[in-house]
Every structure is written in structure tokens, then in C-alpha cells.
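The task is simple: from the sequences and hints, build the whole structure.
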Amino acid sequence: MLKAIGVPSVDDLFVDIKPQHAPHSFNLPEGRCEFEVFEHIKKLAAKNTFDLVQFIGGGYYDHYVPAVVGALISRGEFYTAYTPYQPECSQGTLQALYEFQSLICTLTDMEVANASLYDGGTALYEAAMMSFRLTGRHKIIIDGGVSPIYRKILRTYTSNLHYEFQETPLVHGQADRKQILKLLDDKTSAVILQNPNFFGVIDDHTDIVNKAHEKGALVIESVYPISLGLLKTPGEMGVDIVTGEGQSLGLPLNFGGPYLGFMATRKKFIRKMPGRIVGQTLDMHGKRCFVNTLQAREQHIRREKAMSNICTNVSLCALQAAIFMTALGKEGLRQLAQTNFEKAEFARQQIEKIKDVQLKRSSPTFNEFTVCLPVDASIVVEKMIHKGFAAGFPLGRYYPGMENYMVVAVTEKRTKDEILRYVKCLEQALQECRVEVRT
Amino acid sequence: MLKAIGVPSVDDLFVDIKPQHAPHSFNLPEGRCEFEVFEHIKKLAAKNTFDLVQFIGGGYYDHYVPAVVGALISRGEFYTAYTPYQPECSQGTLQALYEFQSLICTLTDMEVANASLYDGGTALYEAAMMSFRLTGRHKIIIDGGVSPIYRKILRTYTSNLHYEFQETPLVHGQADRKQILKLLDDKTSAVILQNPNFFGVIDDHTDIVNKAHEKGALVIESVYPISLGLLKTPGEMGVDIVTGEGQSLGLPLNFGGPYLGFMATRKKFIRKMPGRIVGQTLDMHGKRCFVNTLQAREQHIRREKAMSNICTNVSLCALQAAIFMTALGKEGLRQLAQTNFEKAEFARQQIEKIKDVQLKRSSPTFNEFTVCLPVDASIVVEKMIHKGFAAGFPLGRYYPGMENYMVVAVTEKRTKDEILRYVKCLEQALQECRVEVRT
Amino acid sequence: MKLIFEKSVPGRHGYIPPRSDVEVKTAIPEVYKRKTACQFPEMTELDVVRHYTQLSQQNFSIDTNFYPLGSCTMKYNPKFCEAVAQTPGFAHLHPLLPQLKQGEKLAQGALQVLFEMEKLFCEMTGMDAFTMQPLAGAHGELTGVMMMAAYHRAKGNKKKTIIVPDSAHGTNPATAAIAGYESVSIPSDKNGVMDLKVLQSKLNDEVAGMMLTCPNTHGIFNSDIDKIAKMVHDVDGIMYYDGANLNAILGRCRPGDIGFDVMHINTHKTFTTPHGGGGPGAGPVGVNKKLIPYLPISRVCLRKDGTYYLNYDYPDSIGYIASFYGNFALLLRAYAYILLLGKEGLKEVSNHAVLNANYVKERLKKAYKLPFDRLCMHECVFSADNQAERGVHAMDIAKFLIDKGMHPPTVYFPLTVHESIMIEPTETEAKATIDEFIEAMFEADRLSQQNPEHFRDLPKTTLITRPDEVKAARDINTNYFSQAA
Amino acid sequence: MKLIFEKSVPGRHGYIPPRSDVEVKTAIPEVYKRKTACQFPEMTELDVVRHYTQLSQQNFSIDTNFYPLGSCTMKYNPKFCEAVAQTPGFAHLHPLLPQLKQGEKLAQGALQVLFEMEKLFCEMTGMDAFTMQPLAGAHGELTGVMMMAAYHRAKGNKKKTIIVPDSAHGTNPATAAIAGYESVSIPSDKNGVMDLKVLQSKLNDEVAGMMLTCPNTHGIFNSDIDKIAKMVHDVDGIMYYDGANLNAILGRCRPGDIGFDVMHINTHKTFTTPHGGGGPGAGPVGVNKKLIPYLPISRVCLRKDGTYYLNYDYPDSIGYIASFYGNFALLLRAYAYILLLGKEGLKEVSNHAVLNANYVKERLKKAYKLPFDRLCMHECVFSADNQAERGVHAMDIAKFLIDKGMHPPTVYFPLTVHESIMIEPTETEAKATIDEFIEAMFEADRLSQQNPEHFRDLPKTTLITRPDEVKAARDINTNYFSQAA
Ligand SMILES: Cc1ncc(COP(=O)(O)O)c(C=O)c1O
Ligand SMILES: Cc1ncc(COP(=O)(O)O)c(C=O)c1O
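Protein chains in written order, with my numbering: chain A, 198 to 636; chain B, 198 to 636; chain C, 61 to 545; chain D, 61 to 545.
I should point out that these hints are in silico values taken from the structure, not numbers from a laboratory.
Only true hints are included.
Cross-link-like lysine to any residue pairs, in silico, SDA-like; alpha carbons within 20 Å at most: (1) Lys520/D / Met481/A; (2) Lys240/B / Ala151/C; (3) Lys240/A / Glu176/D.
In silico negatives: residues of chain D with every beta carbon more than 12 Å from chain B: (4) His212; (5) Val258; (6) Asp317; (7) Glu408; (8) Glu496; (9) Thr521.
Yeah, the Cβ is synthetic: ideal placement off N, Cα and C, and Gly gets one too.
Have a look at this one:
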């Protein structure tokens, strides 16, 4: 090949890199064979405790992923393809993404959805930006029940921009109508809500939506897909932009990613929506086919005028979720949601019986609920680790003043036996705390 | 559908089964969901100790299987296809099997190979039967170094037939030429040998082959594929029928199966060879393609006159081995064999240093060798289990009188560190035995 | 497509094995070393992946196509069962471990699977004991017939023949032969079942037993099965049940209850372990009390303390029939499948299999000759005689179906039916898929009337057209290297 | 092919979730319940498997086809890295665990991977610190530009613009814009690199920084990169390195050494995590000392006792840019890849990538217009102007290649070259494959002379012909259900 190029050595191909631009250092380990690296990785994996009985959710849930998902998602034709720029040789990805969009639409009861965004947090940020574009306004009211992680992300991304965020507290675990209405004005671009919220509480936001619309503001809602097997949909409430974290739709926890951001909205807003969108059309012979569409919203066409800078999104995760939703089916979704609800209710009722534990339960919850302990929850959770449980997520970290609270999630994977053992261990842990305080 | 059939209920489709033929009992567990069964299986798996440091071979080796093998073998198009009866829509399987046959031929230096037999043991039985068909004779001489498991299998299958087996002992770990020559006569159908043999000893059987041929007898040799990266091939020795266990070619140990029997022979014997054979031919347009060929040898055509009753064989295992061999390549095979050899030599030399341990090493070995302990090897091996090692396979079970011996296998996966720890623990175990004897 | 050897370029490599981390001075003596080089191809991992991925796409498979291959039970292979088989605690377990002293402790999970499967299979089939060792259906047959022989030897019976119906699968007579018996074939009567008169005439003291599938390969359940069993037992013959068609009668009838003494199960049929393009499968063999003493060793037994162990202490056993305990990874898949389905699910297997087959039969008989026009079980057999008269043979119809993206049914088997087309839709296929198949079959029939020529060079949509099989058998080329030489 | 919704049949199901094993009396109040039914399709697992398996076969992919998509680095994704990512100890680790009290103890392995990767990336790029959090290249750009903004805010700088070359990827100007900057485009000179004179004229105190790939999207390494950096630094601008093309210079040059202050890495390019049909990827961002204080939180730190922990205590940090610690499963793949290759292997990446690209460039320039006829790095950009004159455009050539079983190169990007064809053969492709591609390109050129009409309705071998994109944008149909309504 060098001969064809007409240079004597590979080094001669790099002459544009001046000698002074050579690496000042390149001190990397020697290559190892597959077997050795695998042994190393296995050793590292053994340093992770991934087999605690999982009662932590916080937006990321320990759901069972049926084997069919892994079997299909691991097909090289899916995962070693690029973004489907050449539709004729990418119909597999394109049709699957069109189906994904449709699945998200029927799940949320919305008209249009995109083909994914990075994750639930950045999707919410994109929704906020979209509302600014749609309304030309600069203020957002955000409910305190929205994931504190998401709220932090929103602040980061807008810190160099001129937008205003107003947060409202919760009442009885639900959005504070009074506060929100007070803040709602004709500068308000959107109200951001979450259902179920970070405390596990469910709500019907129809009233807020109506008020917001009266003021010309939009409503953005972040949702937990599995809950929509039972819960009132954003579409039914009249929400304008729906976003969510799709991890619960067949994706492993993976220590934080890759996850799946999704977004759905009204058809009339589609040209302001960020991210890739797959559309149906016909080929030269009138055969149905699928293409990336409305690309004029995207950076590769519109550059600085694009709706977002997103390029690589999370197609494979969208496909994974699509396979999961397809395998699950209509009735499966309902049943999965029901099982989650019932197991969490059972756990809640059992925990309620423990002395000194309170479940301020003015509002109903789905598969996650908030427990008030007589001591700092983070200490109790630490004790529970030693008993083999990830007992819940202490709220103190993100809600100063709520140090004694934790949110407990119960999925379909938690057996009755595990729940009962959990309750027993929690009692013990609390007892240990009492003893420690005394001594 | 019932309407189209014209019966009122599914039960009516079963009227040919008379009421008195209904099950007397059908007491089976209730069905469970995937998640529950998986939990059950995981619990069972946890009752197996699969992570001992493996020094047991005995024909079945703990080799590393590169990830590429699993990734390709798990493609549904391969594993959910049937035997390629319709070549036009089975070229994937057919070409892969043709390649497998070719790989086995170049590995063993033989002219033709079949597309697999169940495993190494039944392959050897098939080879014996093939020799009877080829020679019309009824006696087989079998070397004591041939796997005792295989020898037991041979006896089982021929117990209702009129064949004679004569076993010869080993001398210095190798085949006993004198005995074999003495038994070789014009009634001898074949001499069966193994290289490396069950004791790990390697040999050059050319002389035996020549003598056998002089008497009109065939030589059958069972081989360990990885060793052929270095060792003299059956082809070079002039062997007539080669069989072997292909587990070492990329198949997991799987508690005994599925494994991979293979068989190779001379072209002139092909019509007497059992099992499926894929051949190259041309299609109607002169394009190269592959088909099952010489099917007149097989049961589905020839019925009671077939060369064997085999139908389902182990195509997928053959494919798996083909992928492994392809990924390994010429130089990889050589290197893999060399690493196995060197690590085993190192281990042998270290073990040799232990007090009271003897390594009657008159003959060279490949990656497995025989150790003579001062006490019953099975007791030592039991002690070693508690130290985390599968230390070797005690010979007493299959070679009465050799209770103090064990065969130790060392593959490329055993690190220097593991070998040194092994030696240390073996010393300890022997010390423990001494103490126990004294007390 | 090029062969791996044609893609090989010196110096390339895919998988790099570990290098030795020890230093040794010894080397293998020259006399023991190979002189010829092994010509494994030299390819990068990318080229390996692309090669086999592309090859895979040249296959029809259950995962991609309707596959109504009669007698083969090409039903869906659940992905869950595949995942189960990957569990490291099973996949990396060395088979010699339980043969060590106290070694059974190292494999309690695996032994429990084998033990429980034996119980499950016994309950499903009405047999009294099972061996999990046979490695496929035909291997099970051989195991069964060897036990039959051991039984007769023990009783001092002088037996020479085994009776098989003419509709039997080729493995039945082949097994009889390699086990040292002569096979005697009994024709089918006009109802597609064994002709009892002929049978009667062939029964005598030399009959070691009979091998039978039930339903038979015509898809017909023989209502006289009890009579047949009695006739065979009357000459101290052993009744062998070829389990290839067990999926038709799960929960409806148990071979052990209707007179069978020994049987095999094809896990790759009834219990849906994948066929793998021709194996591996598994062929567990069940026996009733008569034959228990002869079962191969080892057997898995349960101690009072709840632990499992391998028992080799059966003096009358026929001995080792396989190296270990069977194709364990397949058995494990079947085990998971049985637990998933449970009692009701297993009954649904036969219900749907039989429903689907009868539906196909009823609809297709409008266009295809149905030799046995009666209820069928899990499969039905047509004859393409009508179409053949127009010059369109069963094989032509098969190739036509390939172009429709469907794997053809079994053709030219069973041998009892001229131009036979044997269809097993299986229970896992949707009605819509079966309807598409039926439409395609009707279309083939119409085309056979309108334009028989059309079939001559089908299939057209595959990478290759019909291969020259005669050439393959004449100019034998089964090895890339000996061809090149 | 039918859609899943068209295959749905009421009552069918694939995956059956666990049923509740507890009894509760409470129910969700009606007002909170959904009234509309969710129309997920009802399919058996077989139908699901067949659907997606068949869909997958309609894709071109690295595993099946040569894929020289310029700027995208479609090189081989080792199967080993996929296997590594399945390790349960990582795959099932909850990201909130290390945020518990003493919770870092539960994730030491994962934190170690992140920590070591930071060190490895620093050494490879000459940067001083890395955040692993950004979820793709563009996300990394945004993170970098936000840090840039934080830097300027901290210094009280009043900055308004970011400079990008006209050859830049669309994400660069888009990122600048959504971060609140105006982007200023600088044209390329006739050598394909940034016009320094124009640059000089645009530099002023309002310039926050510059975003640059190097080599740029023409595949050209700008020898004046140090000068540019100095010019930008002189106005207290920050130099951003778009790491999409890092694979060209691995071991040959480090962005940190030549004046870049901040950069991202596309693990899905240089470190070959699979593209997944459009993600997920990962876009770790590295910075030099100037920007360290602004890195997002959390950061992974090492205690004296050898344990790792998450440190949130960085008062100047821009804050949370992602929910957790990045796309961990992708980072883990990249980590395994780096360990496999090691120092020498990583150098070979750039050597072979550049060798292959130059080979393509030299050979193809006989038939295709080469706008910048000079050495290239890992990719080369042609123009189809010659062919376009004959009526055969870059897109036509792309479709022609599809029929040859090859994925087309990037066409119509970069925007700086008319009728551009941007070819990145990558280092993992064999010469034989590249030669086949070159032959196909020559054939396309010949055909453009002999028969330009031929291209009009290509591709012909795919399941669909060219789609009507205008209709797609006009008759918007992006949801099966709203179409039906
Ligand atoms: C009726 C019948 N009997 C026996 C067999 C042989 O079973 P196996 O292929 O598992 O050896 C088959 C397989 O097709 C069969 O259909
Ligand atoms: C030069 C260049 N910059 C930036 C990007 C954006 O990276 P990502 O797709 O990971 O967001 C790309 C991706 O194609 C690119 O080629």
C-alpha cells in the first residue's frame, strides 16, 4: 500500500504533524490478551456489590428484563450500524424507531414522539428549551416533586442563558396548586411536573394544565413509563410535552447508563422538537418505507439554528425498549404495573406496622413511597446494607431537612419473602440505632 | 380454526386416543413465569462449584473461549435451523460445515472428514464399526492409553455383536509395541490408539501403523485437537481413521455436553464413513454451492443398510469449533499449543520438586502428565478441593492398582501464580496426609 | 461467497491466545512434532465476524421463517432457555468433578436438575425410570434396543428381529441393524396405520420387539395400539416408543400407560431445544420396571440426607453409552422449558399442535391429495400426485415455497406416500402465518395448472439456484485442501 | 414488512411478568387511572423474535458490510468488549448506591474503572483531567463550552462568540448556539485548512474560544495548529478540540500538547464502542489546568487508603450535566479496548487508519476530483463534480455502492466541498475489502460515462427503492396511531 501511495514508510504519512507536536509522553500499559483483560475485569466486577436485594428506585428501577430483549438487541446488524443516513440499507433501524415512536405515543397518549434523547434528565432540559422556543417566554415553574437530579441538570444547562426557574414545594406529597397558580403569569413558558413524583406520589395534573393553558404557558411532564400501565396519561391530562427515563423499559441499571430519554408532544409542535424523528413515506415504487424526517430541525442541516445540538442519541436503547414493549404487550404492561403497585402496597402496609416508622400517606403512590424514620435514614440504610438490602434512598442528600426520610421502591422482582425479611431487618436496624443512641 | 376443521372442540381432535388410553396421572408442577424459573435456576447453579482452579483434564479441558465464538454461535439463523435438507435456503450451515470438514482435515492431515458425530467417545465407536465394514474382520486391538471412558463405551455398543477386543498395557506410558505386534494378525480389523494418551504421554505411532498395514489391519487414532498445533499428525503417521473430541475447540465444559465428535479418514474410505458429509458442487447457473452428499450412506436413505443410525448430530458444535479455529488461525493454534505445553512443563517441574512426589517421566507429555503421590490420590484431591483446586484426576477409578496416581492438566488459562499456589497447596495437602497417618 | 481459506492473508490473526508467562527449557522432541503446517486461515476478527454473520443470513431458520418441516417439530425455541444454558455455574462445570471422592458435592445443582428431570419425564410419559445420557433420538433408540437385547440375553431368549412399520423413520431400522437385529417391515393399511394381519403373520419367538412412533409418521394415532402391544408382549417382545412425536400427545396419553416398555424423548422436538442446523439434541430414554436393571450407568440417586450422587452400582447395566451424563446444556434448556410451561402449558402444546395441523389438513385437502382423510395429530401428510401429473413434483413445490420465504415441509418422507408432503405447523405459529402458508400452497397448485414450467428453475430469490447433487456425489469435494491438491 | 401493530392479535402475549404473590385490598383511585387503553401490540415471543430478526437483516452494518462512512469511524467493534459489558457485577449495579453513606464501598470496581480511564485518557491526550459524564460527542461539546463560559464568567470576561471553521461538523455551531454564544465561521483556504488571515480579522475580545477538529473534516492535519492556538489564547479564548478525529493521531500527537484547553472523546469512534444505529455513545471531556475547577460533579477521587469515592465538593463546578457518571457500559467497553490494545496497539490504530485512507485517496484520485491533493490523515474527501457533470451525483454513487453490498461513504458533508464524498476506511478493514470498494468506485465512474441513466433507480437489490423524502416531511406520519386516527 505504501508503494501505491508513493511514500517509503508510514511515518512519512504523518509529516503534517511537526516534530514539536509529537506527544510529550505516551506512557500507556502494554497490550494484553483477551483472557487476561477478562480476568482483570472480573476482578473489578467482584469489587461491586450488585446483589443486594434492591429497594432503591429514585427513577431507576430493578425490573426484570426478559431474555428475548438481550437476544435481539445483541444482533450485530442492529448495534454495529450507524445512524440511518442511507434509508435503503437501514430499514431495520428505521422501522424499529418508527415503531418505538408509536409505542411511546400510545403509552403516553400523545401525538408525536422523537426517536430518543440521551436520558430522562437531558430530555427534560430539551423540553424546557423547546418550551422557550415555542412560547418565546423565559420563565419556568418547576414542582419540587420533580427529580432533584433533573432539576440540578436544568440549572447547569441554563446557567449561561437568561432563563428563570421558580421552584414550588409539595403539599401532602403533591404539587402545590396554590403556589403554582400564584407564580403562573404571562411570562411563564412552562410548568414542569413529574408523575409519579420523586416521592412516589401520583397525581392528576389536569387542573394545573388548564390553568397553565389559560395563561398561554405549556405543561411539561416527566413520567415513569411502567406506571402508565395504570396511571392517567399525560395525554389525558392535556400535557404539552412529555419526557421520561426509559430505563425501566428493558434496560439494565448499568451503573448509570446508557439509559433512554424519550419525548412526546403535540403534532403541531413537531417542528420545534429536538432529536431525530423517523417518518413513514413511500419509495419510488409506492412501497411503504421509513426515513429520518424533518431534518431541518437538526444540527447537521441547520447548524447553529438547530433545535438542539444532539447527534448521536440512544437508538439502540430505543430499540431495546421497543422490543421490551412489544414482548410485554398491552395486557403485560397492565399486569406489570399492577404487580408493582400491589407489591409496593404490601411492603408499605408491612412497614407501617413497625414502631416509630411513619408513612405520611395523604396521597396515593405507585411502586415507590416515602418512609419517615425515627433516626437519620442514611444511617439506617447503611445498616441495612450489611443485612443484604439496598433499603431505600435517603432524602437528606437532595432535600435538606428531610434527613429522616427515605424513598422505598418495590418492583415485580421483590418476592413476598424478601419484603417480609426486609421489614424484619428494618426493625432490627432501628433497634440497633436505639441501642447505639442509648450507649 | 375449529370451524374450518368442522369439530366443536379441541377435545374432538383427540378421539383416536381412547378414554382408557388417557394418562393415568399427569401430576406436574404449575407453570411459572420466566423470572421465577430464572431465580430457581440461579439457585441451582449456586450449588455447583464451578470456580475451582482447574487442573483436571482427562480429555475435557478448561480452555479460554474467545468472545467472538459466543457472539456468532448465538445467531438465531444458525441455531434455529434444521439439518440442511433444502440447500438453497441452508447455504449458511452447509458452507460452514464444508469449512469445518476442511479445517479438521488440515488439522489432522487427512483427506476427508465428516460434519460431526455426537462426541469423542461415540466417534471412536463409529470408527471401530467402520473398520469392521472396511475389513470384514472382527478383532480390534486397543491400547491401554486410550481413554478408559471410551473403552467402556466401545464394550457397551458391541456387547450384542460378535466382535473381539484385546487390550494392551502401556510401557513407559506409551503403547506397548511388543504386545501389539504379537496380537496383530490377519483377523485384526484395527488397532486403536490415542495421542496424547490418557496419561498425557505423546507418541509417534508410525511404526505401529506400518506393521498394522502389513497385516491388512487399519489404525484408528483418537486425538486431542489443540495438541496438533505442535504434534505429529495422524496423517503424517499414516493413520487410517482419526477421531477425536472437539470440546477443546471453543466449547464450554457444560457438565459433559454437548461436545463434538469428529472423524477424518482417507478419501477412498469415504463411502463407508458414518455421519453427514457436505460436498461442494455447482448450482444450475454454475455457481459454487454446498449440499449434503453421499447420503446413500445414511439412515434416511439407506435405512437398515446405513453406515450408522445417526441422524441429529452436533452441527452447531461443529460450527462453534469452526469459528474458533478460524479466529485462532494457523499461528494462533501453534501458539496456543506451545503455551499449553510450556505451562504444563513448568507445573511438572515444580511438582517434581515436592518431596515424595514422583513423575515417572520416561516419555514426553503435552499439557497433561501423571503424578505419583505417596498416598491415595483421591484423598489428596479431596483435600485440594478445600484449598480451591481441582487438582487432577485420580487414576484409581479407571486403573485399579494406580490409586496413588493422578493426571494433571495445565491449559493456557493457568497463570504462573496459580501454578505456584497449586504446588504449595499440594505440599500442604501431602503434609496433612502424613499427619493424619501418624495420628 | 468466498471460503475462509480464500479470505486468508498471511500474518493476520483474530483470537490471540495467552502467551506463556513461564520459562521452560524443555521442548517437544522433534520426532513427535508435526512437520506439515496446519492451514487454518489467517483472518482478523472483523473478517471472521463478517464471514459467519453473512453465512448465517443465508439460512432459513425458525427465527426468520415459517418452518413446517414434518417430523422435525420446528417450533419456537424460547430465548429464555438459551439464557439459562449460559449460566456460568452450569456452563463451566467440569464433568469429571462428581467422579472425585466427595466430588458430588461440587455438582449438587447439576445432579438435582438431572434427578428432577427424570421424575418429570416419568410423570409425563408413564415410564418408571429415565436415563438422560443419550445424545440424540437415534442414540436413544440404540440405547433402548441395547437394553432390549440385554433383557433377552438375561432371560435366555433367542431373538433375531425387530419389527418396524414401513412408515417408520430411517433411524428405526438402522438402529435395529447396528444393534445386531434384522428389521422386519410391516406395511400400513389403507387407514395409514399398521396392518394388523400382516403383523400377526410376522410375530414369532424370534421377535425381540417393535419400534413404533405413535402418532406415526402419517400423523395418525393408532387406536389399536393396546392390541399391538399385547400381540408383541405375547411373544415376549419389547415395545419401543419412538418419542419424536410425543409433542402430539402430551397430557393426552402416556406411552407407559398404553403398553410401551421403553422410549426416547427428543428434547429438540417436544421440549424445543434448538436444532442447531442439525444438532446437538438430547434423547433421554425411559423404561418401565422390566428394563430398569439394564439402564446405562451412571444413574443419579438421592440420599436420605437430601444430597444427590452418581450411582454406578448396577451389575446388570448395559454400561457406559456416553462419556458423561448426557447433553447437559440441552437438558437444562428442556428443564427450564418444562418449568415455564407447567402442567397446563404442556397440555396446550399438544392441543395447539393438533389444532394447527388439522386446520392445515382440512384447508389444503381442497387442492392436494390427502392419502388418509381423517383426523390427524400434530402433522399431516399430503401427496403431490395431482400436481405431479402436471409435471410439478413435491420438490418443485418445496422450492416454490422457498421463494415465498417459507421453509418447505418435509418432502418424500414418509416413504409410504408417493410424492409425500409432510406438514408440521407446530403449536407456536400464529394463524396468520399458517394462512399465508396455505395461500402459498394454493398458489402453487394453481400455478401447476396454469404454468408448470414456472417451477423449473425455482427458487430464484436465494443466493444459489438448485444444486447439482449428482455432481456432488460423483466429483467428491468435501475438503478445500484435497481439492486444491 | 408489516408493523408490529399490524401483526397484533388480541389475547396473545410474549413476555409474561411475574404475578403478584401478595394480597392487598387497596387500589389506585379511579381519578388517577388511565381510561384510554395503551395499544401495545399483542404478539407471541416467536412473532416478536421473527419481527426484529427480519428487521435486523434489512440493515447494513459493520458486521455485515464495509462501512466507510467518513467522520463516523465505523471500525470493527470487538465482540470481547460486548461480552465485558454484560458482566453482572457492572450491568446490574444501581447508580445511586455510591451516593449512600459508605455506599462507595459497594461500587469500588466501577469507580476504579472510571478513575483509571481518566488517567488513561489524560495520558493519551495530554489533558490534565477528564469527566466521564458526557453522553455523546455533542454532549461533550456542550459540557466543554459550558466550562468555557464558566471560565469567562469567573474572570469577568465579556465574551459573545465562538469561532468554528466552515468545515466543522454541525454539532459545533449548534453547541455554541445553545450554550448562548454566537458562532463565527471561518472559511478554509485552498489547502483545506483554516484561512489564517480571515481568522485574524475575526479575533477580538468578544471571542470566547474556538472549536476545532484536528485533523479537520477534510482529513487534513493543520500544521499551523500551534499558531492558531496562540492567536486564540492571545484574546483569552479557549481552544476546544472536537475529538471525533482523535483516531487519526493516537500516539502521534496529543491535543493537550499543541494548545488545546478542552476536548471531548467519542468513545464510539476512537475507542470503538458500537454505534447502535445512532447511539448510545459516550463523550468524555478532558481539560487542562485552566478549566479543572469547572468540571462537572461528581468526580471520582482516590483516597490514601486506596479506595475510590465520589467527590461533589467543587464549588466552581458547572454542576450536574448528567444524572450519573456517564454511559458506564460504553465506558467499560472502551476501557477493555484500551487494555487489549495497549500502547503499541493504540499507535497501530492511527498508523493503519492513515495508511488505509491515503491508499484510497491515491488510487481514487485517478477517477474522482480530489479538492485537496495532499497527504490526508484517517479520511479523505473527494468531489463527485466530474461525475455530476455527467448527471451522476454523489448520492447516485452512494446508491450504486449499496447495490454492491457496501455502505456508502458520507456524502454532502463537509459542506465546504461540492458534491463531497468523504471516505473513512478505518484501520480494521482488510486491503482486499478496500480494493473491492475502490473497484466499485471505478466502476461507478465508468458507468457515469457510459450510461448515466443507469443510476436513476438504484439501489435495486434492497427491499425498498429510494424513498420520497419530500412526502415524508409534508405528509408527516411519525406515529402509527395518529395516522390511523
Ligand atoms: C420419527 C423420528 N424418529 C427418530 C428420529 C431421530 O431422532 P434424532 O434426529 O434426534 O436422532 C427422528 C428425527 O427426525 C424422527 O422424526
Ligand atoms: C467531527 C464530528 N464532531 C462531532 C460529532 C458529534 O458527536 P456525537 O455524534 O457523538 O454527538 C461528530 C459525529 O459524527 C463528528 O463527526
